[in-house]
Amino acid sequence: MYHESHLDDYITFFKEEAEASSSLTVSNIISLSSCRMIEADLTSLKKYAPHLMSILREYETSSVKAHLLIRELKLLAEWLEISASADDHQSGKTALQRSLVNLNSYISEQPTTRFNQPATKFFNSCQIFDVSYAQIANVDPEVVFDSIPWFDDDTLAKAELELYLSSTDELSSDGHPVDFRRAAEKRFPKLPRIEISCLSVPVNSVAAERSSSLYSAVLRDDRRSIHEANLPIYNMLYQNSSNI
82 MYHESHLDDY
92 ITFFKEEAEA
102 SSSLTVSNII
112 SLSSCRMIEA
122 DLTSLKKYAP
132 HLMSILREYE
142 TSSVKAHLLI
152 RELKLLAEWL
162 EISASADDHQ
172 SGKTALQRSL
182 VNLNSYISEQ
192 PTTRFNQPAT
202 KFFNSCQIFD
212 VSYAQIANVD
222 PEVVFDSIPW
232 FDDDTLAKAE
242 LELYLSSTDE
252 LSSDGHPVDF
262 RRAAEKRFPK
272 LPRIEISCLS
282 VPVNSVAAER
292 SSSLYSAVLR
302 DDRRSIHEAN
312 LPIYNMLYQN
322 SSNI
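Using our numbering, you'd call the opening residue of the sequence shown number 82 and step up by one each time.
Fair warning: there could be bad hints in the mix.
[Stated by the list, open to error] The calculated lysine-lysine pairs, modelled on BS3-like cross-linking and capped at a C-alpha distance of 30 Å, are:
(1) Lys-127 <-> Lys-146
(2) Lys-127 <-> Lys-174
(3) Lys-128 <-> Lys-155
(4) Lys-239 <-> Lys-267
(5) Lys-271 <-> Lys-239
(6) Lys-271 <-> Lys-146
(7) Lys-239 <-> Lys-202
(8) Lys-96 <-> Lys-128
(9) Lys-155 <-> Lys-127
(10) Lys-127 <-> Lys-96
(11) Lys-202 <-> Lys-267
(12) Lys-271 <-> Lys-202
(13) Lys-146 <-> Lys-202
(14) Lys-174 <-> Lys-128
(15) Lys-146 <-> Lys-128
(16) Lys-155 <-> Lys-174
[Stated by the list, open to error] What follows is a set of in silico ranges between Cβ atoms, one per label pair, in the way DEER data are often shown:
(17) Asp-90 <-> Gln-216: 51 to 57 Å
(18) Ile-119 <-> Ala-99: 16 to 22 Å
(19) Gln-191 <-> Ser-166: 24 to 30 Å
Everything labelled a hint here was simulated from the structure, so no lab data went into it. C-beta: ideal position from N, C-alpha, C; glycine also.
Please put together the full structure from these sequences, using the hints given.
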């Protein structure tokens, strides 16, 4: 979107540069910026920019909603596929199709490229904390136990999760998962702590390591009595270390 709006500026700037330079790169940039085919390609891609930028802005934060991440990326994949099939311009169609392939590989539990999400299993499992999802999904509890570290060696929490998954039809799916879990705390006393640790996680280790005091506080916590404020950070560090 930016480049399409500034093609004329590129031509003006590099023509001035060409007066003092014999570099082939400068003349190539002028030729590319003047090419009608390049202009048409950029115009074709520009119409997709607003939607993509709105999605990117959602992730310009220090944390993500773990129970929604995979669902939102799958919706983006569907949008890319539909947009590609409807685009008559070959460059636009190709760009969308390549983006779709890369995105599907990124969120796959068995990626085919180096650019992938190492915590995909974790994010997939976190979807069960959304009652509306748990009501329609066929979830294997063992996969959840294997993907979320908080269930390690906690037989009561495992039993609560199995009870929760077997009784979702009796539960209301209205409201935020955290609100639901707090309301159901008497029935599922172990699950709220696990859910809070999972629903909002730092995007990357930089967010956790930005403050040395914060990082030190996480390391000082005993694994079985971690301070609630440190749960999301510890969870992200666990995912990073277990998927290297």
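**Request:** For the pair we were handed, Lys-202 and Lys-267, check the Cα-Cα distance against 30 Å.
**Result:** At roughly 29 Å apart (the allowed maximum being 30 Å), Lys-267 and Lys-202 satisfy the hint.
**Message:** Please verify whether Lys-155 and Lys-174 have alpha carbons no more than 30 Å apart.
**Reply:** Roughly 19 Å between the alpha carbons, so the hint for Lys-155 and Lys-174 holds.
**Prompt:** Lying within 16 to 22 Å: is that true of the beta-carbon distance Ile-119 to Ala-99?
**Reply:** Given about 18 Å between the Cβ atoms, the range holds.
**Request:** For the pair supplied as a hint, Lys-271 and Lys-146, confirm whether the alpha-carbon distance does not exceed 30 Å.
**Result:** Distance of about 21 Å is within 30 Å: holds.
**Message:** Checking one constraint from the list: CA of Lys-239 to CA of Lys-202, max 30 Å. Satisfied?
**Reply:** holds, 17 Å
**Prompt:** Holds or violated: are the alpha carbons of Lys-96 and Lys-128 at most 30 Å from each other?
**Reply:** holds, 29 Å
**Pairwise hint evaluation, Lys-128 against Lys-174, where the allowed Cα distance is 30 Å at most** = Cα-Cα ~12 Å, so holds.
**Prompt:** Given the proposed pairing of Lys-127 with Lys-174, does the C-alpha separation stay at or below 30 Å?
**Reply:** Roughly 13 Å separates the two Cα atoms, so the pair holds.
**Asked** Going straight from one Cα to the other, do Lys-271 and Lys-239 come out at no more than 30 Å?
**Response** With a Cα-Cα distance of about 9 Å, the restraint between Lys-271 and Lys-239 holds, given a limit of 30 Å.
**Prompt:** Do the alpha carbons of Lys-239 and Lys-267 lie within 30 Å of each other, as the hint requires?
**Reply:** The hint holds at about 16 Å.
**Message:** Need the status of pair Lys-127, Lys-146: alpha-carbon distance at most 30 Å?
**Reply:** holds, 28 Å
**Asked** Is Lys-155 within 30 Å of Lys-127, Cα to Cα?
**Response** This hinted pair holds, its Cα atoms lying about 22 Å apart.
The earlier numbered hints are all upheld by this structure, with none contradicted.
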